[in-house]
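Student: Required output: the full structure, derived from the provided sequences and hints.
First residue of the sequence shown: 1, per UniProt numbering; consecutive thereafter.
Some hints here could point you the wrong way.
What the hints assert, rightly or not - The calculated lysine-lysine pairs, modelled on BS3-like cross-linking and capped at a C-alpha distance of 30 angstroms, are:
no., residue 1, residue 2
1, Lys-21, Lys-76
2, Lys-21, Lys-140
3, Lys-21, Lys-72
4, Lys-72, Lys-140
5, Lys-76, Lys-140
As the list claims (entries may be wrong) - Simulated restraints, written as ranges between beta carbons of each label pair:
no., residue 1, residue 2, range
6, Ser-104, Ser-33, 35 to 41 angstroms
7, Lys-76, Glu-30, 30 to 36 angstroms
8, Glu-20, Ser-147, 15 to 21 angstroms
9, Lys-76, Asp-31, 20 to 26 angstroms
10, Gly-56, Ser-104, 34 to 40 angstroms
11, His-43, Ser-122, 32 to 38 angstroms
Don't read these hints as lab results, they were simulated from the structure.
Glycine residues also receive a C-beta, built at the ideal position from the N, C-alpha and C atoms.
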Amino acid sequence: MRIGASTEGYDYVGLRCGAEKMTVELRTTEDFSGVIYTQGSFHSRQPPCFLDPVRGRSFTMNIPLDQCDTEKDGDKYSNAVVIQHDDELLTPGDAAFTLECDFSKPRDLTVTADLNGSKRRSTRSSIGLVDADPGRDRRKRAAYAESYSDEVVFLPQEAYRKANDEL
Numbered sequence: 001m002r003i004g005a006s007t008e009g010y011d012y013v014g015l016r017c018g019a020e021k022m023t024v025e026l027r028t029t030e031d032f033s034g035v036i037y038t039q040g041s042f043h044s045r046q047p048p049c050f051l052d053p054v055r056g057r058s059f060t061m062n063i064p065l066d067q068c069d070t071e072k073d074g075d076k077y078s079n080a081v082v083i084q085h086d087d088e089l090l091t092p093g094d095a096a097f098t099l100e101c102d103f104s105k106p107r108d109l110t111v112t113a114d115l116n117g118s119k120r121r122s123t124r125s126s127i128g129l130v131d132a133d134p135g136r137d138r139r140k141r142a143a144y145a146e147s148y149s150d151e152v153v154f155l156p157q158e159a160y161r162k163a164n165d166e167l
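Tutor: What follows is the structure in structure tokens.
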């Protein structure tokens, strides 16, 4: 059975990149009572890497950059979050998203002055829709959203339209 990369069952995926954590906001189309977890955290079922909601449509996970098997490559942090409708099994209709916070300097540098003396880091953030099956290649994205700021939003209806426009 093939799981696939689904654009159904959720309305919104948002990522906010912070200095110490990734904050992921998920909104489902209908009441959801499955599990939400970072890749590699299913069996341990430990917060903050695993969320087992009783019911609801809006969920937030705060993923520390130094936990939950978050990968670090220089100033780039990445992880994958799985939305699984059944508490125990991956099924068709489940979704997975790669999350990336890149704090390295951008190619085009804009110089600004801040009279308060605070230092702002340049950020690129992205969300990629991938196959929820852990045996699949997470680099093969079915859809993608990117922002040159610390926040990015992935909307499945827009991703679906873009994918069909490319066919």
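Student: Check the structure against each numbered hint from earlier and tell me which ones fail, lowest number first.
Tutor: Violated hint: only 9; rest satisfied.
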